[in-house]
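Each chain, letter by letter, is given below.
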Amino acid sequence: MDIAQQLPALVIVLPMLAAPLCVLIRHSALCWALSVFTSLLTFLSAFGLFNQVRADGVIRYAIGGWAAPTGIEYYVDMANASMLLLVSFISLIVLLYAYESVKKSVVKAKHYLFYAAWMLCLTGLLGITITGDAFNVFVFLEISSLSMYMLIAFGSNRRALTASFRYLIMGSIGASFILIGIGFLYAATGTLNMADMAGRIPDAEAQRAVLVAFSFLTIGLMIKSAVFPLHGWLANAYQYAPVAVTAFLAGTATKVSLYVLLRFFFSIFGTEYSFGYMLLNVVLLPAAIVSFILLSLVAIFQSDLKRMLAYSSVAQVGYIVAAFCLATEQGLTAGIVHIFNHGIIKTALFMSVGCMLFRLGHTHRNSLDNLISTMPFTVVAFIISGLGLIGVPLTVGFVSKFTLIGAAMEKGWWLVGALVLLSSLFAVIYIGRVIEIMLFRKVRVNEPAPVGMKEAPLSMLVPMYALIGVSIWFGVFGTTTLSVAREAALVLLGGYQ
Amino acid sequence: MKLYVRQRHRVLQVVTKLIIPFVLLFALYVQFHGDYGPGGGFQAGVLFASAFILHGLIFGLQRTRSVLTPSLLRVLMALGVLIYLGTGIVTMLLGHNLLDYAALAANPKTGQHWGIFAVELGVGVTVTAVMVSLFYSFASKRL
Amino acid sequence: MFIVCSIALLITMLLTLVRALLGPTIFDRILAINSFGTKTVLLIAVYGFLTGRPDFLDIALVYALINYIGTIAVLKFFEYDDLGSDAYQQDDY
Amino acid sequence: MELLITIVLLTFLVAIVIGIIVLRDLLSGVILLGLYSLVAAGVFIVMDAVDVAFTEAAVGSGISTILFLGALSFTRHEQKPRGHDSIVALAFVCITGGLLIYGTLDMPHYGSAVSPAQTHPELAVHFLTKSAGETGMPNVVTSVLASYRGYDTLGEVVVVFTAGIAVLSLLGLIRRRPEDEAPEDAPGDLPKLPDDKSEHNV
Amino acid sequence: MSILGLYNYWVVVALMMAGLYIMIARYNLIKKIIGLGVFQTSIFYLYITMGKVHGGTAPILAEGYPLYSNPLPHVLILTAIVVGVATTAVALALIVRIYEEYDTIEEDELKSIELAEQES
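Going down the list, the sequences are from chains A, B, C, D and E.
Reading the first sequence from the start, the letters are residues 1 to 497 in the working numbering.
Reading the second sequence from the start, the letters are residues 1001 to 1143 in the working numbering.
Reading the third sequence from the start, the letters are residues 2001 to 2093 in the working numbering.
Reading the fourth sequence from the start, the letters are residues 3001 to 3202 in the working numbering.
Reading the fifth sequence from the start, the letters are residues 4001 to 4120 in the working numbering.
No wet-lab data here; the hints were simulated from the structure.
As the structure is a computational prediction, the values presented were derived from the model and not from experiment.
Note that CB positions come from ideal geometry on N, CA and C, so glycine has one too.
Be aware that one or more of the hints could be misleading.
To be verified - Some residues of chain A that are not near chain B, with every Cβ distance over 10 Å (derived):
#1 Met16
#2 Leu24
#3 Asn366
#4 Gly406
#5 Gly495
What the hints assert, rightly or not - Calculated cross-link-like contacts (lysine to any residue; reagent style SDA-like; alpha-carbon spacing at most 20 Å):
#6 D/Lys3130 - B/His1113
#7 B/Lys1109 - D/Ile3095
#8 A/Lys108 - B/Ser1071
#9 E/Lys4111 - A/Arg486
#10 A/Lys454 - A/Ile300
What the hints assert, rightly or not - Rough simulated footprint, nothing fancy, chain B against chain D, three-plus residues with beta-carbon under 8 Å:
#11 3057 to 3068
#12 3136 to 3145
#13 3148 to 3155
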């Protein structure tokens, strides 16, 4: 077996293999070790793949040996190679972190199911990203969704169940819409392979079926990536899921859906069709703007940190979608770079919130008085990544917001640029208030100090700081991610070869 | 009263006892005849499972569970996925792409035959195990 | 011949469907649906001969089986409110 | 004849769906859903999709009916008389439906042999003309399912597996209260819960 | 024939929308899942309709049949059916757990319980 040649398959096969093995092993620690090891190998494969793509361009891997439109293929270019890297990296980091928090929040007898579900979720997300076949997207979307419902339902509060159920209803409607969209595309073009489809759509464009397919895919993917009017499922799901799951999902799930959105709008339908003929901007841009303005405002009024960050996630998705709406190389670059940066920051934030949850047992903003004295490392981590979320210079958030505003200016959309700044101001408020409470507010006198308060365990702090290190690195040396994002944007705008 | 209770569903029980072997046989037929007629691993799995479900409905879950124990089900569930994926991994180890059954034999057509056979078996095993375990989960209200 | 047969079957299916939808009690529905299933089995068999591919009779078998299991499940649910119970038989069977 | 059967069965489907919407009793709803799947499977046979009909009959009206009944046995059977007049939902549904109708207006007509889907040389045509030579199976659906699109089927098996472990983690193979920490299902000797019927149907 | 050429599609759309409506407008969780079942089955129907060829027969090759229906939609729908039943199973399991925790499976009652919980 030639490893270098099999990398695209290994990225999927490894986590897929780990899930049934977890079910067979059924030992909590061993399952965790297996999952971490698998995530590591997957990450290394993704890294190898990324380097291959960077060196040699697009990789096409015909599964089953059947050449492209007849069979299913993996189609790896810069855009999805970097997504694979992001997803597998976040999975690795969060899994390392998860051990303690899972041990505390999940019944021991179910640990193996938890890790199996995690591996399945990883498989699904990577599978959506890497595939070059439209129907295959649906299949892997369902793998990731079902395992997500299960992971969310692991939450200790009973509201995790209703959150999971509501997500299931919304997610099933979204997936069904995607299925309808793919069906109409198939009717119009006769093919399921994305590259082949992209080649055939120009001839079929006049058909109404393509228009309907476009609308249904848009709505389905908007549900899945939680764009404004369809974001309802996200807040509860993020708030009540176990915190490790929230950290993982916040960094990957909506991002992968956004990637699929990109793929369909820019590579398959083509920029011309999506934005020139369908006037996607008319629908999507207002939704995006409302997302980042309104939900940043909503975030200010949340007293629970997890819920606040969940709303902030929807707002950030708004930035990314607004960047896509620019439909220029610069805008797409900003969107993609923000997918990465936000994935990293939000995961780090949820991890630090998880540390607080681990020690305090809750995450109410108003009871975090003077937390710095008891949990200095956690608080510092929260502050650093919070600054990144706001977009302070020298953080990753700055890189992406700067690029986004630059792109808006370039296109002459001054208002959008201004609104992004305004919404950053809201972010200053909601993050700033938490920081203020944690740093300066004195412990109220008549409240007994929490017993046994100490810093979160090392096994949680180390992965968290590793992630923060990465975010600082990419904040200072933003050109690396920017150049990758630019290459990805060019690939997406260029369509399929 | 006791006598009456015991005799209550005698007809159903006898009929079911007669039917179940044929259902299993039919499931096997569907599993292995899927290449030539309608059917395949998935349908066969569901039929296998429905035989056990029928048994559970008529004779009670306790008895069914002593035939097909929950831990066995869990193993089978994972085993089916492993058979399917294992076929893919074997083809990769033999130097071909994932799930390229042509690698399994010298003649690609024979390879396809072997591959599809193995894969359908995997599908059948997982589907049977999952469907029966779903029935167990949803039917064990008073256990 | 087959055409007349299938039309007759469709009409009887319609009749049972009416009972299934209107049926005042649940037993009407269950009975109607059971016989609807039987008619479907017959229709599939007739349709197989109508189109000249009677080798798909396998499917009719599945229908019959599923119909049987489904009816038993519904009845058991209705009677015992629990699909897995063995309350009615304590010892040998 | 074919067309007649299709149209009559389609009309049955519509009637059944109206029944599902109108009837408040959940048990009737579940039974009608099973019937819906059965009739749909009948239509699939008329449309030459024998494998699909096979699966839909076995899964849609067999397994899922039983799952629904199982879930019903844990919960209440009556739907409360509410949730009827949702204008927003109706509007959403009407817009979506209108869009779909609009999209189908210039679709290739039912049964057309010249639509893109039927004439794509590397998909439909390839499967029908070359699959027998390449895989040696007369059933094209099986060869496409297991070989040409074997990867999709792998995904499908993983979906089933995921559902299996999801239900396992939510309900367990033996129902018991969540706070019960006893070791999971020991085969053979089954821990009997106290015969307390109020536990589940309060 | 041409009048009826699209009849199929329209009925399918009506069925789909009925399913979607049940899913959105009904408060009972089990009813929602019944709606999901109707919705998904109708989507299967849409796909199968696309694959049908007049005068064709089932795609199981045999002597003497020149014309077959398109097998690809059948394959896709086989996968989709399985996905559908998987989703149904998970949803029902969630409903059972919700009932055990909240003692109701009506959406509006759940909402009011949660609201009361939040305020306290």
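Hints, one by one, checked against the model:
1. Not every Cβ of chain B is farther than 10 Å from the Cβ of A/Met16; the closest lies at roughly 6 Å, contradicting the non-interface assignment.
2. Chain B draws A/Leu24 into its interface by the beta-carbon criterion, the shortest separation being 5 Å against a cut-off of 10 Å.
3. Distance check on A/Asn366: its Cβ is at least 42 Å (rounded) from any Cβ of chain B, clearing the 10 Å threshold; non-interface status holds.
4. Consistency note on A/Gly406: stated as away from chain B, and its beta-carbon is indeed over 10 Å from all of that chain's, at 42 Å minimum.
5. Every CB of chain B is more than 10 Å from the CB of A/Gly495 (nearest about 25 Å), matching its label as outside the interface.
6. Note on D/Lys3130 and B/His1113: the hinted pairing holds, with a Cα-Cα distance of about 15 Å set against a maximum of 20 Å.
7. Restraint check for B/Lys1109 and D/Ile3095: the C-alpha separation of about 50 Å exceeds 20 Å, so the hint is violated.
8. Note on A/Lys108 and B/Ser1071: the hinted pairing holds, with a Cα-Cα distance of about 17 Å set against a maximum of 20 Å.
9. Of the pairs offered as hints, the one joining E/Lys4111 and A/Arg486 is violated, with about 45 Å between alpha carbons and a cut-off of 20 Å exceeded.
10. For the given pair, A/Lys454 sits about 28 Å from A/Ile300 by alpha-carbon distance, which is inconsistent with the 20 Å threshold.
11. Residues of the region 3057 to 3068 of chain D lying with their CB closer than 8 Å to a CB of chain B number 6, which satisfies the three-residue condition for coverage.
12. Figure legend: the region 3136 to 3145 of chain D, annotated as covered by chain B; annotation consistent (8 residues with Cβ-Cβ distances under 8 Å, at least 3 required).
13. For the region 3148 to 3155 of chain D, the proposed coverage by chain B is satisfied: 4 residues have a C-beta within less than 8 Å of a C-beta in that chain, meeting the threshold of three.
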